[in-house]
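The opening residue of the sequence shown carries number 592 in this note's numbering; numbering runs sequentially from there.
Please keep in mind that the hints were generated in silico from the structure rather than gathered at the bench. Each hint should be verified, as a subset may be incorrect.
To be verified - BS3-like, lysine-lysine: derived pairs with alpha carbons at most 27 angstroms apart:
1. Lys837 with Lys629
2. Lys720 with Lys636
3. Lys720 with Lys691
4. Lys720 with Lys695
5. Lys846 with Lys720
6. Lys748 with Lys720
7. Lys602 with Lys638
8. Lys846 with Lys638
9. Lys629 with Lys714
10. Lys615 with Lys720
11. Lys615 with Lys636
12. Lys595 with Lys629
13. Lys751 with Lys720
14. Lys795 with Lys636
15. Lys748 with Lys629
16. Lys892 with Lys602
17. Lys714 with Lys837
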Amino acid sequence: MSLKDFQLLSKLGEGAYSSVYKVKRLEDSQEYALKKVKLQNLNDKEKQNAMNEVRILASVKHPNIISYKEAFIDIQSNSLCIVMEFADGSDLYQKIVNSKKTGKLIEEQIIWNTFIQIVRGLKALHELKILHRDLKSANVFLYQNGDVKLGDMNVSKVAKKGLLYTQTGTPFYASPEVWKDQPYDQKSDIWSLGCVVYEMAALKPPFQAESMEELYQRVIRGYYPRISHNYSQDLSNAIRSMLQVKPHLRPNCDKLLQFPSLLKRQEELPKQEQTDNEPNTLLSTIKFPKNYHYFTSMLPKPCYECVNRKQIKSLHSQQASPNPRSLMSVNGSYEDVTSQKSIDKKDHVHNNRKAQPEYRIYFDSQQVNKKADYEGQTEQTLKLRGSECFGGDNSTLIENIFGEQQIAHT
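Make the full structure from the sequences, and use the hints.
Right, dumping it as structure tokens:
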């Protein structure tokens, strides 16, 4: 397999070490997204990180996860090529930006449908002890038929012992434990999910500030403005359950899906078929070979036909959402504070559109280089607005979605 087996249709995005293209596979005339990673200037660790992305993508087959198709080395360009499912819309971040421009709130039913499908995809990752580590609106893909899928796994990591330590992610969505450089687990992804659901309702992240230090203080205290009263108390409670400062107070994916507010709304979505006969299995670590001639035999097999079509069909065989979405994903680059080297985040990019803001973040030095702002204008107002706030260490008693009471932030 080589690039000669694909017709390049358009360039979708470019990062420091990679480019993403919309391609047509000559064998089946289908369109895919092809990520081309330049190997020439990568060190051994960066090459291994690229292989880790292949491993994770190929391990998870789920209708709410962008699917892996194939990976190969193109000798002529000295590049690792990763072929993935092509998304025919755009991303959640762009939908939020468009909603803000028009001054229209996102319908609550759309928020619930998106929320539930993100949880389902995240659950598939967590069952394999995979932490996404960069869950944000730009990494949520919404399809025109109503499907919602998680993508951009290039900083995802397997937590073999349950905890990870590397500080990574996007500041607006990073959990308090990540900000404080503490060990973290799957509950860190749940915090990020809470930020995404809040962002859908408020059209802005829950935690904003004029400086990195102020943002840090707001996140670790857990205060955020209330969402609009146009939304139900159920939605407000769901957000509050995920944005608990203490990780052990946040629900996991299984508990989220059992919340009455989610259960009753899952009935309105097409049911997912059970796939117990084809459980996901985490592939073994793929070591980057010194000799490219051995590369093909070490990679996961091509997977153009291995997605369970019945399962995917069951998700949207019923009537599609009354408000089809046209969304996609463009990611920025940010700085890995551990290696101090830029991580390429233009992993899965589709259609020509304005890129999401890029940030180079050093959490410990408060340095931030804003290449673009959150709302598409000169960024001077990452400021928390509104006087009504939830959360924080002053919260003593909250009622979770089960209707039970629990002590929080005492």
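Going through the hints against the structure:
1. With a C-alpha separation of about 40 angstroms, the suggested pair lysine 837 and lysine 629 falls outside the 27 angstroms cut-off, and the hint is violated.
2. Using a Cα cut-off of 27 angstroms, the hinted pair lysine 720 and lysine 636 holds, with the two alpha carbons roughly 21 angstroms apart.
3. Straight-line distance between C-alpha atoms of lysine 720 and lysine 691 comes to about 36 angstroms, which puts the hinted pair past the 27 angstroms bound.
4. For a cut-off of 27 angstroms, the pair hint linking lysine 720 to lysine 695 is broken: about 38 angstroms separates their Cα positions.
5. At most 27 angstroms may separate the alpha-carbon atoms for a hinted pair to count; lysine 846 and lysine 720 meet this at roughly 17 angstroms.
6. The hinted pair formed by lysine 748 and lysine 720 meets the criterion: a straight-line CA distance of about 8 angstroms does not exceed 27 angstroms.
7. Between lysine 602 and lysine 638, the direct Cα distance comes to roughly 23 angstroms. Compliance with the 27 angstroms bound is thereby established for this hinted pair.
8. The straight-line distance between the Cα atoms of lysine 846 and lysine 638 is roughly 37 angstroms, outside the 27 angstroms bound, and the hint therefore fails.
9. Under the criterion of a C-alpha separation no larger than 27 angstroms, the hint pairing lysine 629 with lysine 714 is inconsistent with the structure, at around 32 angstroms.
10. Of the pairs offered as hints, the one joining lysine 615 and lysine 720 is violated, with about 33 angstroms between alpha carbons and a cut-off of 27 angstroms exceeded.
11. Between the alpha carbons of lysine 615 and lysine 636 the distance comes to roughly 31 angstroms, so the proposed pair goes past 27 angstroms and is violated.
12. Taking the CA atoms of lysine 595 and lysine 629, the gap is about 17 angstroms. The hint holds against a cut of 27 angstroms.
13. Restraint check for lysine 751 and lysine 720: the C-alpha separation of about 7 angstroms stays at or below 27 angstroms, so the hint holds.
14. For the suggested pair lysine 795 and lysine 636, the alpha carbons sit about 35 angstroms apart, so the restraint of at most 27 angstroms is broken.
15. Between lysine 748 and lysine 629 the CA atoms are separated by roughly 21 angstroms; this keeps the pair inside 27 angstroms, and the hint holds.
16. Restraint check for lysine 892 and lysine 602: the C-alpha separation of about 26 angstroms stays at or below 27 angstroms, so the hint holds.
17. Between lysine 714 and lysine 837 the CA atoms are separated by roughly 20 angstroms; this keeps the pair inside 27 angstroms, and the hint holds.
Consistency with the previously given hints fails for numbers 1, 3, 4, 8, 9, 10, 11 and 14, ordered from lowest to highest.
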